[in-house]
Amino acid sequence: MKVSLPRLVAAQLVWLRRPLPAALAVGLAALPAGLAWLFHKQVLTAGQLFTGLLYFDECCLPLWMLVVTSAAWADGEPEHRPLLLAWPVRGWALALAKLAAAGAAYGVLAGAAAMGLGPLWSWVTGVGADALPAGLLLSRAMLTGVTLAALGSTGCAVGGPWAGFGLGAALWFLNLPDFTAVWLDRTTRGVVNLLALSRGSAVPLDVANQRQLAAALVLVACALLVPMGARRAVQRGAGC
Amino acid sequence: MTGARALRGFPFAAGDALFRQMLAYEARRLWRGVPPWLFVAAMPALFVLIGHWQAPGLERCHQMLPYLSLLNTALAAYVAWVIQRDRRAGADEITLAWPVSLLRLYLARTLALGTLTVTLWAEAVVLALGYAAVSYGTAACAAGTPIPVVQALREGGLILLSLTATFLAAQATGQLAAAMLPGVPGLVALVLYRAFTFGGPRLILGILQWPYALLASPEFLWDGWPWLARYLHLGVFADVYVAHQSFWVVGSVSALGALACLFRPRRDRATRASAALVMGTVIAVIAAAAPFVAAENRYARSHARAVSTYGEPVKPGLHSGPRREALSDTTAPAPARYDLVVDLTQPPEATISATLVLASPPGPGDDLELTLRRTFDVDEVRIKGVVVAFEREGDLVRVPAPSVPSGGNLAITLRYHGTVADWRLDPYEQPAALVASEFVYLPSTWGWYPVPGKHRLTWEIGMTSMVARALADRIVLFNDAEPTFAVNVRAPEGVRFLAGFVRGAGGTWRLDGMRNQLTLLGGNWVACGDGAARFAVPFEELDTWQAATADVRRLFDALADWTGVTPLTVVPSPVSFVNAGDVSLILDSQIGRLFEAPPDTVELARFARRWLYNLLSLQPRFLGPTVSELEGAPSATDREFDALRAYIVDRVLHDVYGVDAPPDPPGLVPPDDARVEAWTASTPLEEQQAALRHLFHDVLLRPLTPADLEFLHEGAAE
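Listed in order, the protein sequences are those of chains A and B. If you use this note's numbering, the first sequence corresponds to residues 1 to 240, in order. If you use this note's numbering, the second sequence corresponds to residues 1 to 718, in order.
Because the hints were derived from the structure by calculation, they are not lab data. Treat the hints loosely; a few may be bogus.
[As the list claims (entries may be wrong)] Chain B side only, calculated, beta carbon under 10 Å to chain A, not exhaustive:
(1) S69
(2) T73
(3) A74
(4) A77
(5) W81
(6) A179
(7) M180
(8) V191
(9) L259
(10) L262
[Stated by the list, open to error] Just some of the chain B residues that point at chain A, by a computed CB distance under 10 Å:
(11) Y67
(12) L70
(13) V184
A virtual CB, placed ideally from N, CA and C, is assigned to each residue, including glycine.
With the hints as constraints, model all of the structure from the sequences given.
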């Protein structure tokens, strides 16, 4: 039986309807509002609000992408593993479908954030929204999100959702504290800097974006081509 | 029920033969994997690679904590992974069939994981305590004194407590996350929680206060308290620190116990003993939280006191606009001389006697207003030795002025006392003023001595990226007056150094100086060094300060040669003195962790530039530092002075580093001026030095005028 890619992508959405992605999305959506409220209460200064919004765009949102990617690989969990084995498609197609499903959902969220953060900043502070251009915000959120998703997806394919999320979270977490992030940025010449805007990359932003895009594409290729553990073995045995 | 039966019913009966086998099985299963050995190898590697080797024991432990936090996040995730092993492998139905209590099964797995936790803890403790012992030993050798055993034991105890809390917390949070949310959601919760402890303090500490700080992981302290504690030797924060870490020790052990008791799904019936244990653990956790809550209430009390006293919270609203207009009372009489006697021997109480001589007393019939922080209770006011009635209204002391002959002086003496403990939250708890047994911090700008006129004591400047808090009542001239000060301080018993003061007979510290030298900053430090710079060194850094400050001393010597400002006093303090204006007082945090790691050449050059720029900029009464803000374009005098400063930096760096002097930072265009260039080209270096030292000597005492730079004309003309 042949399954078209769009149908395969749509089929992955069943995993994304779980409570965790939705709950996390709601929590994330509350963050900018919370920051704005703190600014309104004069707890945060304008500079802190600005940094916080960038931090939200580059750091918090991509974590959602990682969680959603792990959720899309939920059929790798022991109780659902027969389903993973039963998909009548090749491994790369399945991985691509899962990435596409997660990416589509994330694209909506990142797009909404990119469109909304500038006006929110402008509305709260009375300053022009030019400081937070939507294109830049979207590119940073998408690049970081795709990087994490591809890394997570590679781990999911090899060892299941735990391994995938753990792998992505390790990079995300390693890049979170300033002291390791600065070291990673300098060492990798901007390839690994998930917070280039809010932290200030050691390399120019456009260069960092290009390098991170290249890294993300390499990771996506890895996610598509990596051997899919037990599934590969079972399918080879069945002559698929 | 007999005692023996009760013991058999106890769910953790470790004497059970099968339990021992289960424990051995779980331990074998854990240790045959690769991750535990990776953790074991990572611990010493972390210690070797992280932190300054010249840092004292506790500080080096704190430097390790952020990295340890990363390791512990991985450990917590691994613990969650192991705890859910049965479910993940689909073998939990088989486990249910084992002929043992599930309580014991969970307990065996917890203890097996505990062997990993204890191994890592032991590695860290041996390394950290061994390092601390060596650090104290070498410091005592360098100082030629016995090891201060009490201080060393206190530091060792804090290291032990901190590491115990952090490792226990890693295992407990991992098991809690796995128990609350199975599978990936548990891991998500764990990572989010840990991430919150990284990013949270910067945004939220100061808002939620103790509920947040209590639940934040033990390592979050690296970003807050240790930063201050390094300088204060935890003297101020010790109670909060110990309470927080103890909460995590007790809370982690209790959580692990409670989880074992609660782990009885589907098959085992809850026993009365386990229910009692769960209740006991909850009570233990609440009891462990109580000291921390009580300690944190200090800030809540400070906040409430500020609201009731000042009518505004500890962190007041933002103000903006020209500071001079809002802060200066231009009608007040000018002070000519102060005589202050300060008794701080009963910290945090301060008892002060202040005599001020007014050069231009108010006219007959006019009340005299003095600004004195309202936290002080005024006991007595005397004019010419006679007790007079006074009114207190907020920060004002209102005294009916006696008739004084025109042109005569008027001496007023105030005796007052009050508690000096003022905490600011911006965003961490910072002492705005504090007197403790081993620490004194009383800024000249805090309002601890009376100033003629009506001044605002709290001021905050709204900026785009930060809030600079400035108690800016003293950066403007007292209506063209520059009084002299004679200050006698009796410091707390533990204070062995008071910056800028000279210790006299009877342990009294004395200063004869200007008002920009009136910040009282002292601690349990040892005065070291002579020549151009004096260093206030904490005991445990006595063995490293000389090696760490070798380049700094060369730089200070050169700066003193060219400016004549000497002696420079270097004090270990993280608190920035925005308005202190005392250029001879240098905080080691301005250069870096001075007593631990020698600053590199570029860092020193940056410091020299900043210091020279601030040499007069901090004293705007002498020369407008930001003239463009006040008047528009800078004057010729400003340009010439800037060019002179740039020239001095070049000469100083050349003297210290020769041809290897670091270049100007990118983007910085050194100011130049034709007259300065001509003068430097035509004047011998010795004459240049003499002229510049004379210039700085003069402008530190009075406003700079164009006439002061006339020597440039003379030199250029020749």
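Hint by hint, where does the structure go against what was stated? Just the numbers, ascending.
Result: hints 6, 7, 9, 10 break, sorted rising.
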